[in-house]
Amino acid sequence: MLLRRFARLAATVGAAMLCASPAFAAPRTYTVVIDKMKFGPVPAVLHKGDAIVWVNKDFLRHSATAKDHSFDVDLPAGARAKTVIGKTGAIAFVCRYHPGMHGTLEVK
Amino acid sequence: MISKIALFSATALLGMAAPAIAAGAPTDPQIAHIAYTAGNLDIAAGKQALAKSHNKAVRSFAQEMVRDHQAVNGKALALVKKLHVTPEANPTSTSLTTGANATRARLAKLSGAAFDRAYIDNEIAYHKTVNGALESTLIPSAKNGELKSLLEIGLTLFREHQHHAEQVAKEVK
Chain A
1 MLLRRFARLA ATVGAAMLCA SPAFAAPRTY TVVIDKMKFG PVPAVLHKGD AIVWVNKDFL
61 RHSATAKDHS FDVDLPAGAR AKTVIGKTGA IAFVCRYHPG MHGTLEVK
Chain B
1 MISKIALFSA TALLGMAAPA IAAGAPTDPQ IAHIAYTAGN LDIAAGKQAL AKSHNKAVRS
61 FAQEMVRDHQ AVNGKALALV KKLHVTPEAN PTSTSLTTGA NATRARLAKL SGAAFDRAYI
121 DNEIAYHKTV NGALESTLIP SAKNGELKSL LEIGLTLFRE HQHHAEQVAK EVK
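Quick note, the sequences are listed as chains A and B, same order. According to my numbering, the first sequence holds residues 1 to 108 in order. According to my numbering, the second sequence holds residues 1 to 173 in order.
These aren't lab readings, by the way, just hints derived from the structure by calculation. In this text, all values refer to a predicted model and were calculated from it rather than measured experimentally. Honestly, I wouldn't trust all of these hints.
Distance ranges between label pairs, derived from CB positions [as the list claims (entries may be wrong)]: (1) A:G40 / B:E171: 40 to 48 Å; (2) B:A108 / A:A81: 39 to 47 Å; (3) A:A90 / B:H84: 45 to 53 Å; (4) A:K108 / B:T86: 51 to 59 Å; (5) A:R28 / B:R59: 35 to 43 Å; (6) A:H69 / B:E166: 21 to 29 Å; (7) B:K47 / A:A92: 31 to 39 Å; (8) B:G112 / A:E106: 43 to 51 Å.
Here a beta-carbon is modelled for each residue, glycine too, at the ideal position from N, C-alpha and C.
Whenever a hint applies, use it, and build me the whole structure from the sequences.
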């Protein structure tokens with residue numbers, strides 16, 4: 001009984017520590033929508049380990065391609081695909097097929 | 001009168017003689033026919049390039065033209081079906097076809113770098129012309145909102161194509 005209560009307490013404290021410390025913040029997943037030949041808004045701030053789900057709502061094939069080659073996602077019409085951000089800094093990206101479509105991810 | 005000027009401008013912009021009968025501003029069925037025809041002609045040009053060219057940049061560009069224009073035309077076909085609109089041939093789309101057929105015949109006689117240059121130069125000129133017509137006449141004349149929206153997406157896309165063609169032109173000079 002005592003042991004069980006202690007285990008529960010430990011779990012609660014552990015969870016609280018995880019939540020309180022940004023170092024242990026769980027990675028988040030954000031969505032970036034491509035529509036009418038444009039990348040929609042990107043999250044203001046991203047952290048390394050977060051993920052972007054690219055959703056291509058166009059009837060055209062696009063890609064989300066990092067200029068520094070850190071990711072390159074092919075997005076056929078109507079497709080969605082996930083990129084886990086593995087580095088920090090400003091990552092400029094374009095559509096490989098239509099380079100006039102572009103944006104930048106700010107990763108902390 | 002303004003309508004007549006509008007159709008005249010579309011035809012003039014496409015580099016052709018004024019149509020014998022300028023019956024008014026292009027109607028939605030006529031606009032659909034012009035846009036669909038313009039796309040089909042560029043698909044044919046792209047397929048010719050894929051059959052003849054060995055240049056990587058040119059082939060990649062041609063693949064993009066075939067893929068994108070097929071996608072737009074697929075969307076256009078679905079839209080006219082939904083709207084119960086029958087695309088209507090008109091002097092502008094006929095002129096486009098005549099011009100593109102002549103270009104294709106001229107390019108058929110070329111090979112290697114000469115073909116690559118001629119194809120890309122024509123793609124730049126063709127997209128400039130079609131984009132000009134879309135911007136000045138076809139989009140402003142379109143009555144149906146969905147058709148107008150598709151033409152607007154098309155214009156954004158075809159400007160990308162023109163830009164891409166200009167980049168490839170630098171590589172094949």
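Can you give the numbers of the hints that this structure goes against, from lowest to highest?
Number 1 only.
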